[in-house]
Amino acid sequence: MKTPLVSLENVSKHYKDLSALSAINLHLAQGEVLGLFGHNGAGKTTLMKLILGVISPDSGHISVMGIKPDEKSAWHMRAKMGYLPENVMFYEQLTGLEVITYFARLKGHSKAHAKALLEQVGIAHAMARPVKTYSKGMRQRLGLAQAFIGEPKLLLLDEPTVGLDPSATAEFYQSVDELKTQGTSVVLCSHVLPGVEQHIDRAMIISGGKTLALGTIAELRAQANLPIKIKPHGLNGSLAHDRLLQPYLHGADTLYVPEQEKLTVLRQLLFDDSLRDITVESANLEQVYQYYLAQVDKIKMPSQSESDSENNKAGA
Amino acid sequence: MREIFTVANKEFHDGLRNRWLLSITLIFAVLSVGLTYFGAAASGTVGITSLSSTIASLASLAVFLIPLIALLLSYDSFVGEQEGGTLLLLLTYPLSKNQLLLGKFFGQGSIIALATLLGFGASALLLFIQHSDVAILETFAYFILSATLLGLSFIAIAYMISLVASEKSKAAGVALITWFFFALVFDLALLALLVGTDSGLSQNLLTLLMMLNPADIFRLVNLAGLSSADVNGALAVAIKANLSQAQLLLILLGWIMVPLAIAAVIFKHKKL
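Read top to bottom, the protein sequences are chains E and W.
Numbering of the first sequence is given in this note's numbering, commencing with residue 1 and proceeding in unit increments.
Numbering of the second sequence is given in this note's numbering, commencing with residue 1 and proceeding in unit increments.
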């Protein structure tokens, strides 16, 4: 097995009384795309800052490309990392080209490289205009161009598709897929977004600084054991009289069926000659995410005293 | 080194773009040419006045203006980028905090240095053409050098403020208070000390106290060589101080290095 590009072992980070991250374990292989999900304040940005080496962990071990990212010797490695912060206001009075040229120079690249990146993200037509005239989507593209400087081996993207229109979002995912084939590892940090599922290899869900789930979407879906939504058309309410199907029925014509019963139910439905069409939907990422967040709320009630005993003062 | 140059280059061009260089140069040029020509208007003569009274008037105006301009130029250097999010981003680049600090210092420092040289150099040239006296160039060289050092010192002080402040508006407030303290309050306090203590304050102690204010060092550098007829206030007492101009300039240099070093330490421990 290849050595992981990024590895975090039992990493914790506290801010005063607040525990931002606790006991995080994560290994990211080369060319792997990880989706990092959680709501605001879950610790996503802290995790990224730790990997970037901007802050140091209180305990645990982090290694990026074999080096501790917060050490001095890690500086040259930073040229191989790209980061898109969540909210960044680039120098408003500078033109797009000037901004990207400045950042490219800091990584040892030329103005020509900056121009090529602006073309790649599709704002080359506006590169001579000051950033203050840019729309939200154009600013986001500018940020992406900045993150792509120097063909990074590791990309950390915080809410990369915010403000992008659907076609720009599709283009963005296309570039992510391309980078992946070139061996770039990507951490996509976001609230759950429609369409992100096809582009990530694994998902990590965090809440309150703790890992709730980590695995491929299929694994998480299996683990959550969420029912499959089956919607037959043309049966005219006969479902309610079917003794096998009746327990799964929600509303007039929608069935929520556990994964293992899926085929049995489908066979039963196919017997019916009046069936015109059928839609089968597995739980999407959004539902999986909601499931894990709901789990943590359930667990919290009884074991609260245990998990919060260290930082009682911060509670309440 | 490339990193420092890249940052400095960007900061310098920001200064050009925002018309900082143009406005500071213009202010200095108008001020110095005006004083050179009309400085003696009060005594009834118009025309180029004596060198010592020109320098005396220039120094007493520049001592207010230069710190103010330097603080205005630099107070938002770090806190501004922090608010915009680019400071965090820059720190994920192969760029150390010290490189960023020095890069900004060299970039904004050259704006002040260039403006001082062009602005005050204009009147030096004017006087020299009229009188063709080498002493003029020499005196102005000291003036321009010390004015530049004074500006650099307040840029470094502004960086300390900018690195400590959590918001741009707070940094602006602190910068204003800092200017008020060094330009006005400090000297008033010294004067009060002089008047209040009948015999206690020796000349040496007074000179020593003046070393605690870069603005006063600047005044001493430029007034030390002049006849005391053109100088008034608390300075007249200190002028007979036994420090040479070179020593004073060195202390002024210390007023750049120390704040810059403190800024570096603050930056190192700054939480982002």
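Quick caveat, the hints were computed from the structure, so don't treat them as lab data.
Using N, Cα and C, we set each Cβ at its ideal position, and we do this for glycine too.
Among these hints, one or two may not hold up.
[To be verified] Beta-carbon label-pair distances, calculated as ranges:
#  : chain 1 : residue 1 : chain 2 : residue 2 : range
1  : E       : Ser110    : W       : Leu184    : 46 to 52 Å
2  : E       : Ala29     : W       : Ala261    : 42 to 48 Å
3  : W       : Asn18     : E       : Ala29     : 56 to 62 Å
4  : E       : Ser12     : W       : Val185    : 24 to 30 Å
5  : W       : Ser169    : E       : His76     : 33 to 39 Å
6  : E       : Lys72     : W       : Phe180    : 39 to 45 Å
7  : E       : Ile67     : W       : Ser166    : 28 to 34 Å
8  : W       : Ile177    : E       : Ser110    : 41 to 47 Å
9  : W       : Lys170    : E       : Gly163    : 26 to 32 Å
10 : E       : Tyr15     : W       : Ile177    : 27 to 33 Å
11 : E       : Lys132    : W       : Ile177    : 17 to 23 Å
Structure-based check of all given hints:
1. E:Ser110 x W:Leu184: 46 to 52 Å: 50 Å, holds
2. E:Ala29 x W:Ala261: 42 to 48 Å: For Ala261 (chain W) against Ala29 (chain E), whose Cβ atoms are near 44 Å apart, the range 42 to 48 Å holds.
3. W:Asn18 x E:Ala29: 56 to 62 Å: Violated, at about 47 Å.
4. E:Ser12 x W:Val185: 24 to 30 Å: 48 Å, violated
5. W:Ser169 x E:His76: 33 to 39 Å: 38 Å, holds
6. E:Lys72 x W:Phe180: 39 to 45 Å: The hint (39 to 45 Å, Cβ to Cβ) holds, given that Lys72 (chain E) and Phe180 (chain W) are roughly 40 Å apart.
7. E:Ile67 x W:Ser166: 28 to 34 Å: 32 Å, holds
8. W:Ile177 x E:Ser110: 41 to 47 Å: 44 Å, holds
9. W:Lys170 x E:Gly163: 26 to 32 Å: Because 30 Å falls inside the window, the suggested range holds.
10. E:Tyr15 x W:Ile177: 27 to 33 Å: 30 Å, holds
11. E:Lys132 x W:Ile177: 17 to 23 Å: 31 Å, violated
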